[in-house]
Structure formats: C-alpha cells, structure tokens
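Peer 1: With the first letter of the sequence shown counted as 1, position 78 gets the number 374 in our numbering; the numbers rise by one all the way through.
No lab work stands behind these hints, which were simulated from the structure alone.
Treat each hint with caution, since some may be false.
[Unchecked claim] SDA-like, lysine to any residue: derived pairs with alpha carbons at most 25 angstroms apart:
hint, residue 1, residue 2
1, Lys350, Ser365
2, Lys417, Gly315
3, Lys371, Gly459
4, Lys350, Glu301
5, Lys347, Arg299
6, Lys314, Phe370
7, Lys302, Val348
8, Lys394, Glu301
9, Lys394, Asn412
10, Lys338, Ala300
11, Lys398, Leu425
12, Lys371, Leu428
13, Lys417, Asn396
14, Lys347, Thr374
15, Lys417, His323
16, Lys371, Ala430
17, Lys338, Val400
18, Lys350, Gln331
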Amino acid sequence: MDRAEKRELVTGLNDAFKGAGSVVVAHYAGITVAQMNDLRTKMRQAGGTVKVAKNRLAKIALQGTESESIIDLFKGQTLVAYSDDPIAAPKVASDFAKGNDKLVILGGSMGTTSLNADGVKALASLPSLDELRARLVGMIATPATRIAQIVNAPAASVARVIGAYARKDEAA
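Model the full assembly from the supplied sequences, consistent with the hints where possible.
Peer 2: Spelled out as structure tokens, the structure:
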C-alpha cells in the first residue's frame, strides 16, 4: 500500500467508526477464506461490515471517534465489524464465533461505552431494533383491540337480554 491508499483507508474507517452504532474487534487467526467470506456475507445481510486492516491504521482511524477507547484491543490479527444498528454487528459476530472457535471476540464499543467480550455477547443477546419496534407496535395495538371488545360487549349483552325476553314472551 502506498501512502495515498493508506490515507484513503484511514479516512474511510474513520467515517465508518463515527457513524457506527457498534464496533466489534476480534482475532481471526486460522479462519479460512471461505469462512471469512461467509462472515462478511452474513454481516452484510444484517446491515454491517467486516474489515481487516493493519492495527496501526485502525488505531489512527479510531482517533477522534466515540470508539477511541478500544484502541488497546488492536494486537495481533484483528478484524473490525461495525454496523449502524447497535445490535447487528455483535449478534452476527457472536453467532459466527459460536460455530467457529477460531474467531475470538476481544471486545468492542457502543457509542462512548467500551465493551469487553462478555459485554459484546450480552449486547448480542438483546433483540434487534426491528424486533423491538414490532414488540412496541404489538403492545400499542393490544390495548386498542381490548378496548374495542369492551365497548362492543355491553351492546351485545343488551341485545342478548332483549332477545331472551322476546323469546320468553313468544313462548308465553
């Protein structure tokens, strides 16, 4: 890489770190190319990105971002996974690490909060933003359905009582 390419890579990573909802750092020693492509595909489908960059360049890119506190994680063969959705990158990385013990999650960040490996796994266990939205809509819609049932119930009860009196009078 020449100096211009390095500068372009650092600028691109810096912009990505500034806009990322979460960043995950992991060791990837021993992962095959096919496995790395699989990880990248899964991350892309979830709305995230996986990058392998030189540690020195990644540390420079982290300077001036909210994730600057994770600079110490960049030792050895590291990759960076990030996404706009704070749950997507940790979830995909953790799921991939469960099936492949060569991917070792070191930690990460969510905004200004630094996370250790357990923190990333805890974040991955949370529901995604879309799931939370669906639950919220369900919670809002449920009371409206119940209110409609309650409002309609007295009218139905009155109609049944009147119908019963009418049948009683016809029988007499």
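Peer 1: Run every hint past the structure and note whether it holds.
Peer 2: Here is what the structure says about each hint:
{"no.": "1", "hint": "Lys350 <-> Ser365", "verdict": "holds, 18 angstroms"}
{"no.": "2", "hint": "Lys417 <-> Gly315", "verdict": "holds, 21 angstroms"}
{"no.": "3", "hint": "Lys371 <-> Gly459", "verdict": "violated, 81 angstroms"}
{"no.": "4", "hint": "Lys350 <-> Glu301", "verdict": "holds, 13 angstroms"}
{"no.": "5", "hint": "Lys347 <-> Arg299", "verdict": "holds, 19 angstroms"}
{"no.": "6", "hint": "Lys314 <-> Phe370", "verdict": "holds, 18 angstroms"}
{"no.": "7", "hint": "Lys302 <-> Val348", "verdict": "holds, 13 angstroms"}
{"no.": "8", "hint": "Lys394 <-> Glu301", "verdict": "violated, 35 angstroms"}
{"no.": "9", "hint": "Lys394 <-> Asn412", "verdict": "holds, 17 angstroms"}
{"no.": "10", "hint": "Lys338 <-> Ala300", "verdict": "violated, 31 angstroms"}
{"no.": "11", "hint": "Lys398 <-> Leu425", "verdict": "violated, 28 angstroms"}
{"no.": "12", "hint": "Lys371 <-> Leu428", "verdict": "violated, 35 angstroms"}
{"no.": "13", "hint": "Lys417 <-> Asn396", "verdict": "holds, 15 angstroms"}
{"no.": "14", "hint": "Lys347 <-> Thr374", "verdict": "holds, 9 angstroms"}
{"no.": "15", "hint": "Lys417 <-> His323", "verdict": "holds, 15 angstroms"}
{"no.": "16", "hint": "Lys371 <-> Ala430", "verdict": "violated, 40 angstroms"}
{"no.": "17", "hint": "Lys338 <-> Val400", "verdict": "holds, 17 angstroms"}
{"no.": "18", "hint": "Lys350 <-> Gln331", "verdict": "holds, 20 angstroms"}
Checked against the numbered hints given earlier, this structure breaks hints 3, 8, 10, 11, 12 and 16; the rest are met.
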